[in-house]
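Q: Sequence:
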Amino acid sequence: MQILVDVSRAQVVLLTRQGCSLCERTAARLVELAAELEFDFTSTDVDAAAAAGDSGMRVEYGDRLPVVLLDGREHSYWELDEPRLRADLATA
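Under the numbering used here, the first residue of the sequence shown carries the number 1149, and numbering increases by one thereafter.
Some clues are possibly wrong.
Pairwise CB distance ranges, derived in the manner of DEER restraints [as the list claims (entries may be wrong)]: (1) Ala1235 - Ala1199: 17 to 27 Å; (2) Asp1219 - Glu1184: 11 to 21 Å; (3) Val1207 - Glu1184: 28 to 38 Å.
These aren't lab readings, by the way, just hints derived from the structure by calculation.
Even glycine gets a Cβ: it sits at the ideal position worked out from N, Cα and C.
With the hints as constraints, model all of the structure from the sequences given.
A: Rendered as structure tokens:
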């Protein structure tokens, strides 16, 4: 299955793991913000990625979850920095 991504829109990825309540709250808020601010939002479970053979994200970010990546770069961790995300998306 191929996923088409609109490269003209900002890409926000939430790194998460199952059972993480902070991750769940952050994901819910990012869904709302994606509709409002028009960015593409996806999430990646670092433990599932590691089980599939890609342990890099779990090694890099596993102790700081949830981690928000904006266009491939770390933007915030443990808590969503919403004011900064809004500002960064406005200048993108």
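Q: Taking the numbered hints from earlier one at a time, note which ones the structure violates and give those numbers from smallest to largest.
A: 1
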